[in-house]
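A.B. asks: Next come the chains, spelled out residue by residue.
Protein chains: 2
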Amino acid sequence: MPADALSSALLPAGLHDVLPSEAAHEAAAVERLLAEFAAQGYRRVDPPLVEFEENLLSGPGAAMSKQTFRLMDPHSQRMMAVRADITPQIARIATTRLKNEARPLRLCYAGQVLRVKGSQLRPERQFTQVGVELIGALEAEADAEVVLLAVQALTAIGVPHLSVDLCVPTMVSRICAGLGLGEEEIRELRAALDRKDAAAVAAVGGPAAALLESLMTASGPADRAMQALAALPLPEGAEKDRRRLTETLALLRAAMPGLTVTVDLVEHRGFEYQTGLSFTLFSRAAGELGQGGRYRAGAQGEARGDGKGDGRGEPATGFTLYMDTLLRAVPAAKAPGRVYVPHGTSWESARKLRAEGWVTVAGLAPVADAAAEAGRLHCGHWLADGDVRTVG
Amino acid sequence: MPADALSSALLPAGLHDVLPSEAAHEAAAVERLLAEFAAQGYRRVDPPLVEFEENLLSGPGAAMSKQTFRLMDPHSQRMMAVRADITPQIARIATTRLKNEARPLRLCYAGQVLRVKGSQLRPERQFTQVGVELIGALEAEADAEVVLLAVQALTAIGVPHLSVDLCVPTMVSRICAGLGLGEEEIRELRAALDRKDAAAVAAVGGPAAALLESLMTASGPADRAMQALAALPLPEGAEKDRRRLTETLALLRAAMPGLTVTVDLVEHRGFEYQTGLSFTLFSRAAGELGQGGRYRAGAQGEARGDGKGDGRGEPATGFTLYMDTLLRAVPAAKAPGRVYVPHGTSWESARKLRAEGWVTVAGLAPVADAAAEAGRLHCGHWLADGDVRTVG
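Listed in order, the protein sequences are those of chains A and C.
When the first sequence is numbered by full-length UniProt numbering, its final residue is 392 and no position is left out of the sequence of numbers.
When the second sequence is numbered by full-length UniProt numbering, its final residue is 392 and no position is left out of the sequence of numbers.
Read the hints as simulated data drawn from the structure, not as lab findings.
Bear in mind the structure is a predicted one, so any value in this text is a computation, not a measurement.
Cβ coordinates follow ideal geometry from the N, Cα and C atoms, glycine included.
Take these hints with a grain of salt, some might be off.
[Unchecked claim] Sample of chain C residues lacking proximity to chain A, with all beta carbon distances greater than 10 Å (derived):
{"no.": "1", "residue": "Gly41"}
{"no.": "2", "residue": "Asn55"}
{"no.": "3", "residue": "Met64"}
{"no.": "4", "residue": "Gly158"}
{"no.": "5", "residue": "Arg174"}
{"no.": "6", "residue": "Ala329"}
{"no.": "7", "residue": "Asp387"}
[Claimed, not checked] 27 Å max Cα-Cα, derived BS3-like pairs, lysine-lysine:
{"no.": "8", "chain 1": "C", "residue 1": "Lys334", "chain 2": "C", "residue 2": "Lys352"}
{"no.": "9", "chain 1": "A", "residue 1": "Lys99", "chain 2": "C", "residue 2": "Lys352"}
{"no.": "10", "chain 1": "C", "residue 1": "Lys66", "chain 2": "C", "residue 2": "Lys117"}
{"no.": "11", "chain 1": "C", "residue 1": "Lys99", "chain 2": "A", "residue 2": "Lys334"}
{"no.": "12", "chain 1": "A", "residue 1": "Lys240", "chain 2": "A", "residue 2": "Lys196"}
This is chain A alone, in the form it adopts within the complex (with noise of 0.2 Å):
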């Protein structure tokens, strides 16, 4: 059986090992954005692989109950949950362990997620989950920040071709229930509009059919679909929203005049826990990247462990990144050089080479032929009489 067949075998579908180039590309690009976050405040939370399952799953982390592995607690008896996703997590420390720092409470976090399936889209089943949250502030300012903030920090790692797809998936609800409409109708439209289906739209749409044709067709380059939205008679919510959005892009304009900006006014697929404006970040080579947008942190109350949430939590945004599709769009940073130091080369002297910035590779035994031995180490020097040589 060769290697990568072998391999495979010996691990569960959706499971792999990162093998030494692949770990060391991720490694630095977690490490750099970490570094982007906390350059603007962020400050990094580790919160546990597992935890009560109660804990977990509650609120927003309900949604990923389906994805959840449990695990049996022998100390305390109580089933516990191996995170899917860990924004509820940083949510609960947001609500509970934190709650008396200053809001604006800036946070960040990096680290491995496991689920029961992978999806069509992801069929990794563990993957690293990067990202920041930004509690306690209601402001477009902060909608701002964040949108930002992942922008800055994709650009720090070298991605290339990025846009971002802002949405605010509370509209078409707004829309519905100002113009009358019932949950079931809203929920078949929100199907239809996922699709893009323009038919469908105009069968089920009654008096809200018109104005959402004209925000599908509207969606599209930021400029032109705030133009087109601009021009629309909105209810008085999703009036609101368009205030938002419009708020928003010009706080992005303002910072970023170069940055490829479009807007779906009627996004609302991966954005059911979102409570206003909400974004996907996209890069050309890779596809979609990471999202993010506003809920509501602690909103259940059951993470506050006293049965007394009052249901509405704090206002939070962030996004999360996933390292899988955002490797793929990253160029790896150049290794540095390695060179092979034979055997009986002194500590002191193969010190001053790595200080000198380079990998250095020890000679266990002498060999006859240096430059062969560092050849076979993948090593493109080799260190002789003091002096490092190219190989070849």
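On the provided structure of chain A, position chain C as indicated by the hints.
C.D. replies: Below, chain C without anything else, positioned relative to chain A:
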């Protein structure tokens, strides 16, 4: 309920949230350790959090069976296990996917492990392991390389008062076998030696009693211990262990003359799966920081998946550091200065401050007193009229 009690009630025993300053401290230390490993040619691999139980718990992994959580994989209908130790995974990768890579193979890793129970010394059930494996080298130079690398890396992250305790856990077995003791007697002797119980050693040691007592009392500072050891009459196998210890110590002395080295000639506990020179890393402040030593990678053959393992595997050595204890020994780096940038500050002005090394914390709305707001948000500085001013 105070926030801390509330939080600990929320999480299972032995699991905890790593909060801001501690999480950054750990991340920076892990990053630096891996950079030191990489500088000596160790390439990073990242095995998954879970694997099929039969692979993860075969060979040396079997030792962790009772400490390992199991999960049913609905995809394959087979049992999976959450790793309680990363070392067996690295050995698996080396002997399967990387079996055709040139030897010696140098690999490093950092990751989370999960255990069913905490111990008295380490109540945590989840912690970070960081380490290296050097696979395919028999030489004393390999033993010395991993000890020196551990010392170098720990020194680089600022561990003070570091010492290395060398041992050869095979020596006692070889002495006992050479003097004709049976398996049961050897087990009893091991237990007595682990307790450093001289009376019991004399009682059950039979023909080995005098020699083992000498080994026990000779243990201590390396030079004195080696002098005492040199004078003892050893059976052939144990004589080989003595030569390896002498040779390795000489290599350590040549590279790092100032290193504090002790030798324990009877240590066994914690080294049940070691097959040669082993070591423990200590700091006066924090106790045991990690351990390492020789083993056979892929020794059981099962991990090769073809049932044709030769029962011997490849010679290997390495070490694992436990970040939880280690961080207690390491001073946190000074955090960069935080500067509050009031509402309305341009993105470009904030970017320039970050390029100068500041952490910027953006005001999301106008405030009357920027200095007070800076203080409230844990910023020692604020930006006014383009200048960074100091709070208080």
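A.B. asks: Now, for every hint given, state plainly whether the structure supports it.
C.D. replies: Comparing the hints with the structure gives:
| no. | hint | in the structure |
| --- | --- | --- |
| 1 | Gly41 | 4 Å, violated |
| 2 | Asn55 | 6 Å, violated |
| 3 | Met64 | 15 Å, holds |
| 4 | Gly158 | 18 Å, holds |
| 5 | Arg174 | 24 Å, holds |
| 6 | Ala329 | 19 Å, holds |
| 7 | Asp387 | 19 Å, holds |
| 8 | Lys334/C - Lys352/C | 21 Å, holds |
| 9 | Lys99/A - Lys352/C | 32 Å, violated |
| 10 | Lys66/C - Lys117/C | 9 Å, holds |
| 11 | Lys99/C - Lys334/A | 25 Å, holds |
| 12 | Lys240/A - Lys196/A | 24 Å, holds |
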